[in-house]
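I would like the entire structure built from these sequences, with the hints used as guidance.
Here is how the chains run, residue by residue.
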Amino acid sequence: MDSSVGRLKTYLGVPISKPKVAFFELTSCEGCQLQILNNEATLLEFLSLIQIVNFREAMSERSDDYEIAFVEGSVTRSDEVDRLLKIRRNAKTLIALGSCACFGGVNQLKNRLDPYWVSKEVYGNSSVETNNKAKPLEAFVQIDLMIYGCPVRKEEVEKIVTNLVIGKEIHHLKYPVCMECKANENICLFDVGEPCLGPITRAGCDSWCPNSRAGCWGCRGPADAANVDEMKKIMAEKGFDENILIDRLECFGGFAPYIEELRKGLPDEA
Amino acid sequence: MLFRVLRKEAVADLFGLLAESNRMVAPVQSGLDCLGSPLYAFKEVTDYYEISLTYTTTKIPAKKFFMPFRETMATFIVAGKDWTKKIDLNIDRPFVVFGMHACDINALNKLDKVLLGNFYPMPYYAAKRKNMFIVGIDCVPQPYCFCRSMGADTALHGFDIFLTDLGDHYFVEILSDAAFNFLRQLSVSEPAESDHALYVKTVSAKNNKFSVRVDTTDLTKILDMEFQSEVWEKWGKQCLSCGTCANVCPTCYCYGVDESVGLDLSRATKTKLLYSCNLIDFAEIAGGHNFRPESHSRLKYRYYHKHRGFVEAYEEALCVGCGRCGEACLAGITVPEVIASVRDQES
Numbered sequence: 001m002d003s004s005v006g007r008l009k010t011y012l013g014v015p016i017s018k019p020k021v022a023f024f025e026l027t028s029c030e031g032c033q034l035q036i037l038n039n040e041a042t043l044l045e046f047l048s049l050i051q052i053v054n055f056r057e058a059m060s061e062r063s064d065d066y067e068i069a070f071v072e073g074s075v076t077r078s079d080e081v082d083r084l085l086k087i088r089r090n091a092k093t094l095i096a097l098g099s100c101a102c103f104g105g106v107n108q109l110k111n112r113l114d115p116y117w118v119s120k121e122v123y124g125n126s127s128v129e130t131n132n133k134a135k136p137l138e139a140f141v142q143i144d145l146m147i148y149g150c151p152v153r154k155e156e157v158e159k160i161v162t163n164l165v166i167g168k169e170i171h172h173l174k175y176p177v178c179m180e181c182k183a184n185e186n187i188c189l190f191d192v193g194e195p196c197l198g199p200i201t202r203a204g205c206d207s208w209c210p211n212s213r214a215g216c217w218g219c220r221g222p223a224d225a226a227n228v229d230e231m232k233k234i235m236a237e238k239g240f241d242e243n244i245l246i247d248r249l250e251c252f253g254g255f256a257p258y259i260e261e262l263r264k265g266l267p268d269e270a
Numbered sequence: 271m272l273f274r275v276l277r278k279e280a281v282a283d284l285f286g287l288l289a290e291s292n293r294m295v296a297p298v299q300s301g302l303d304c305l306g307s308p309l310y311a312f313k314e315v316t317d318y319y320e321i322s323l324t325y326t327t328t329k330i331p332a333k334k335f336f337m338p339f340r341e342t343m344a345t346f347i348v349a350g351k352d353w354t355k356k357i358d359l360n361i362d363r364p365f366v367v368f369g370m371h372a373c374d375i376n377a378l379n380k381l382d383k384v385l386l387g388n389f390y391p392m393p394y395y396a397a398k399r400k401n402m403f404i405v406g407i408d409c410v411p412q413p414y415c416f417c418r419s420m421g422a423d424t425a426l427h428g429f430d431i432f433l434t435d436l437g438d439h440y441f442v443e444i445l446s447d448a449a450f451n452f453l454r455q456l457s458v459s460e461p462a463e464s465d466h467a468l469y470v471k472t473v474s475a476k477n478n479k480f481s482v483r484v485d486t487t488d489l490t491k492i493l494d495m496e497f498q499s500e501v502w503e504k505w506g507k508q509c510l511s512c513g514t515c516a517n518v519c520p521t522c523y524c525y526g527v528d529e530s531v532g533l534d535l536s537r538a539t540k541t542k543l544l545y546s547c548n549l550i551d552f553a554e555i556a557g558g559h560n561f562r563p564e565s566h567s568r569l570k571y572r573y574y575h576k577h578r579g580f581v582e583a584y585e586e587a588l589c590v591g592c593g594r595c596g597e598a599c600l601a602g603i604t605v606p607e608v609i610a611s612v613r614d615q616e617s
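Sequences listed follow chains A and B, in order. When we follow the numbering used here, the leftmost residue of the first sequence carries the number 1, and every step to the right adds one. When we follow the numbering used here, the leftmost residue of the second sequence carries the number 271, and every step to the right adds one.
Just so you know, these hints were derived from the structure itself, not from any lab. Since this is a predicted model, take the numbers as computed values, not measurements. Possibly wrong hints are sitting among the right ones.
Pair ranges (Cβ atoms, derived) [to be verified]: (1) B:I555 to A:K233: 31 to 41 Å; (2) B:N388 to A:G265: 22 to 32 Å; (3) A:E169 to B:M495: 34 to 44 Å; (4) A:D247 to B:L302: 44 to 54 Å; (5) B:G421 to A:E242: 41 to 51 Å.
We put the beta carbon where it would ideally sit given N, CA and C, even for glycine.
So this is what it looks like as structure tokens:
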């Protein structure tokens, strides 16, 4: 069924065309796409805004005729590079969906390890086709918009899609998670002796993890004025080993530009 | 002002009386920190035994009850080319705040000047603040408290009842008719001469317990003289630009407005979000120019607003010395230290 048929959407009397949208996944858990499908309360309204032509998680039809492509996952194999280049050619707007697509995500943790050891540890003696390094989409194609998070927050995706459809500007929050955490009146995790990257990580998740008394791991990458130097001092003052900070900063790849500098300060690994 | 004394046990009756027809907000213990010290928060309560009147300082002030962190200012229904707007001030019954320290009462008095005393009062604040009933309570100065330096260690107005602990009873200051009428239903008595003496002694003992102070002498002028001082850059280097100081400040009222359209394109919402002058885009304007892209200039303007501009406009600082910002700041930036470092430039 062609979902574009039916009542014409308008906003303030102006006809709104439903953009043709495709969802793709490269190397990822597909959790970000699931987040979108997971929102049953608003799913029908969401679907009425766009015309989905490709969404392996949700439907069997396939089409290469789309304007907006959401791509989840990092690039870890050569065939994924080819797929991504093709998607870029087809799409007017290419959106990196989630931390893997934006920064390499959890997959990029393998990048600083010996690729032979990694492959052996995970796949044993089976042969594996891999580029050895997990990279964000940006390493191969130009990205028009990033939607941060591991996973993405469905409310944020819905807001972004609504703004795309009605032609409203899209702004990412520039401040860190602490703002949302305070608004949610959480007890500061440092007060209870837990490390947290909230002070330097971009907000927009509504302090998802700290709301459940779990410290932030920086999945949304650095806030616009992230003061990583000061964060390092704070972690040391609070008695956390520098490796605890580096582990967290390294987990999703968003803080990659800072890691090299931090590693220099560490004693040589045995 | 009228004075009475109230037996300690009768405070529960006062709470009960007020709770009969009001929503009660009071300090409660919200957890323990990693050293085992209690953490406190203002919460809506129904049971007197949940509350902790001997609390130190809540991490976050009670401002959320009259200035929520996030508040819907208006909702819109879009139909065809037309739209209708609905405004809700988001309050149906006044709150009673039961157990507010003098600093926080003084913070409300300052907010009143800005948000009610202006040519255009803020209706969202006014609606919540207007009929609020406040029971003040005395406190023990903590190592971070400098309210006395800011002239906010005692509340002269802005409350209905103020309780001071005199051992087995409370010394009661009564400021409103409503408070007087509530107290008439309880067994209160006229204070004896000995109660007056005990009250004065208690207050003076409290005054000796302050361990930190801020020298505000000629501070507006010194801040003007030190506008270019490199000491600001030192603090700016430390600042996380996270906005926590503003969020825990009982007098910070700056906000941003977010407008969003609903998924069905027939609804829209305008939301007020408390903001902070330390956030990187606080002074960013249309077109993308940022007047304060550097962390130190943002931190500096926060101090200039609170300790210079506001003093010139209202003859008092926009700071009550509660010390929450310094306690909450992970980078350890405290008002007494920042101001002392600026003053040091002059010596």
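Each hint tested on the structure:
1. Hint check: I555 of chain B to K233 of chain A, Cβ distance near 33 Å, so the stated range 31 to 41 Å holds.
2. The supplied range of 22 to 32 Å is broken by N388 of chain B and G265 of chain A, whose beta-carbon atoms lie about 51 Å from each other.
3. One distance hint, 34 to 44 Å for the beta-carbon pair E169 of chain A and M495 of chain B, holds here, with the actual separation near 42 Å.
4. Between D247 of chain A and L302 of chain B, the C-beta spacing of about 27 Å breaks the proposed range 44 to 54 Å.
5. Our hint of 41 to 51 Å for G421 of chain B and E242 of chain A holds, since their Cβ atoms are close to 44 Å apart.
Checked against the numbered hints given earlier, this structure breaks hints 2 and 4; the rest are met.
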